[in-house]
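Top to bottom, those sequences are chains A and B.
Residue numbers for the first sequence, in the working numbering: 1 to 222.
Residue numbers for the second sequence, in the working numbering: 1001 to 1395.
These are computed hints drawn from the structure, not numbers from a lab.
Certain hints may be false.
[To be verified] Okay, the calculated beta carbon distance ranges per label pair:
no., chain 1, residue 1, chain 2, residue 2, range
1, A, A26, B, L1294, 19 to 27 Å
2, A, T29, B, A1026, 37 to 45 Å
3, A, E67, B, N1021, 45 to 53 Å
4, B, N1021, A, E70, 22 to 30 Å
[Claimed, not checked] Some, not all, of what chain A presents toward chain B, calculated at C-beta under 8 Å:
no., residue
5, T88
6, F104
7, C120
8, T182
9, E197
10, K222
Just so you know, even glycine gets a beta-carbon here, dropped at the ideal spot from N, CA and C.
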Amino acid sequence: MKLSVFHVDMGGCEGCSVALLRAMAAMETCDFKSRLVGDFEIEKNDIVMVSGPICLNEPEKIELLKELREKASVLIAFGSCASVGGITRYCRGGQQPKPHHMTFQPINAIIDVDYAIPGCPPSPRMINPFINAFITGKQSNYMQIFKATTKVKKLSGFDLIDDIILQNICISCGACILSCPTGAMHMVGGKPDLIVEKCIRCGTCYVRCPRASQLLIRRYLK
Amino acid sequence: MDEKNAIRKIKNGRTLSNEMNEKNIARIGGEAELVSLNGKSFFIATAPIRGFEKMVEGKPPLFVVQAVMRICGICHAAHAIAACEAFEHVFGIYPPRNGLIAREAVGLLNRIQSHLLHNVMILPDILEEEYKREALHLTISMLERVNKMLTELAGAPTHPNKIVIGGMAREIDEKILGRNKEELNKIREIYRDLKKLEEDENKWSKLALNAKDIEVNSKYLSSHPFYGDRYAIKLDAIKVVSYDEIHEEDIAKKSSSRVALYNGQPVEVGPRARLKIYKNFSYNGIIGLQVARLEEIEMALDRIEEIFDQIEINQPFKTEGFMMGKGEGIGVYEAPRGLLIHRAKLNDEGRIESYSIIVPTMFNIPIMEKTGNEFGIRLYDPCIPCTTHCMKVRK
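Produce the entire structure from the sequences given, and follow the hints as far as they go.
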């Protein structure tokens, strides 16, 4: 039996859709459907992947999200907008022709999410352990981080500075610098520092940090 | 359209008349509907508006470059380059030659990437059943190599962060250059096979063959074959109107897109417009758009090779030590889908006072909806994430 995977973009930039397409093209164990490639009918699915934020001013989209939740065994928020808000955390509405579109939230504001994978976009490889886990039935420790991430509604470089660097538990490994998609992290005096105007609040640094990711798990899962 | 959808629409205070036919358009970048009403077709973008132009107000230029890139996950580099061009115009700087051409190469890689992604979407329409699999395989293996090159030259395959105001933040050394020249040759080999397969009319589907004779009369607009030139077009002649200004029907109010006109007329922008203006390109039927895209990939590969030969190792890639201050600037860039314009106005603290973006799909909407069918629209490769983030240009 092939695993049925369904993907919907709620109105993001489609960068995550492209990353998913790349990942799934190589995945023969899955029957992959996506709205992007013309599958509109929502059936019962093993895994539903949602990318893009939810605009609370669009009742149609909220209905769609609830329907997706109902029909999914496992629902994964893929990418920063869907999991922690990302760049849409800066949205303030007021733009023509629909100025009332002003409230954007990660999808866990509306529905329960099983796993949330931040990244702008996440690497296509991120998805492999999840697919393997569903096929073998064994969950890896790695997935715990993304389970914990579903409990937060925002994550950014500031959180990393507050929780890790100011607490002096940073080990200066440089994972945050390597993972930041905008280059907003740099080393100053042997410790990471945030270039605030470049942070798009995608949360990638936080889940990649070996210390911060453990904090997430302890805070929300134990 | 299924019943549940219909109920949802009525709940939202919209009424549905009998002769109206709504259809979600599959295999395009983003969400849109094709609505036919009394023999007329409407292209309705339905994605929510994230409002990037409002979002960046009050923010510093460094943030803007990172933010506008995230308007679109398909033409990311195009938005970044247009924004950098606009800010460089404000600050009165001109990147060193290395930076400029390296940026051009990255932009062209993005163009190839976008055309290939579009190819994935449109292949099922163009080719006969037995050739689809092979063509798809070639497209994807080429795409993977292009992604690899973008990662090396610009930092990431999507949202490349090395495109910065003043040039490129990554310096290309001999090692990177050597590796990428090799990669380019491999891409060329795959491209030759793909072109041979896709340009062979004997392998085309009926849909594609019919599209040879469908013509949508239009004028063309383009500023540069590869990069973009703010002096090659009349910026004052561009007018942005809301979608319900060109259609009086009620349904037009539903669209979250706007429309751009040149001299008060709809114009076509994109691959065919570029080839029509800067090369001899003869296809007038709408299938010409797809042929033009294939042709452009080859041109882009040639140009990237030329650029690799021109890069001077150990010379700067970025302007250093410039001041960010008050002023207005315009960035014009030829995105994969056509003319892209960013306008920035900065206050005396160097923060954004106002920002406006005109994207290619805004020009193409009135033209592509004339084709009246899904395949026709798909040929124009509309990009909804881009289209739904634009507002009126302030004079």
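Each hint, compared with the structure:
1. For the pair A26(A) and L1294(B), the beta carbons lie near 25 Å from each other, so the given range of 19 to 27 Å is met.
2. Against the hinted window of 37 to 45 Å, the Cβ-Cβ separation of T29(A) and A1026(B) comes to about 25 Å, which falls outside the hint.
3. Checking the proposed 45 to 53 Å range against E67(A) and N1021(B) shows it is violated: the Cβ atoms sit about 23 Å from each other.
4. Between N1021(B) and E70(A) the beta carbons are some 28 Å apart, a value that agrees with the proposed interval 22 to 30 Å.
5. The interface hint given for T88(A) is met, as the beta carbon of that residue sits about 6 Å from the closest beta carbon of chain B, less than 8 Å.
6. Satisfaction of the interface hint for F104(A) is found here, the shortest Cβ-Cβ separation to chain B being roughly 7 Å, below the 8 Å cut-off.
7. For C120(A), the suggested interface contact is upheld, since its CB lies about 6 Å from the closest CB of chain B, less than 8 Å.
8. Among the interface hints, the one on T182(A) holds; its C-beta lies about 4 Å from the nearest C-beta in chain B, closer than the 8 Å criterion.
9. With a least beta-carbon distance of about 5 Å to chain B, the hint placing E197(A) at the interface is held under the 8 Å criterion.
10. Taken as an interface hint, K222(A) does not check out: its beta carbon lies about 34 Å from the nearest beta carbon of chain B, beyond 8 Å.
Violated hints, listed in ascending order, are 2, 3, 10; each of the other numbered hints is respected by the structure.
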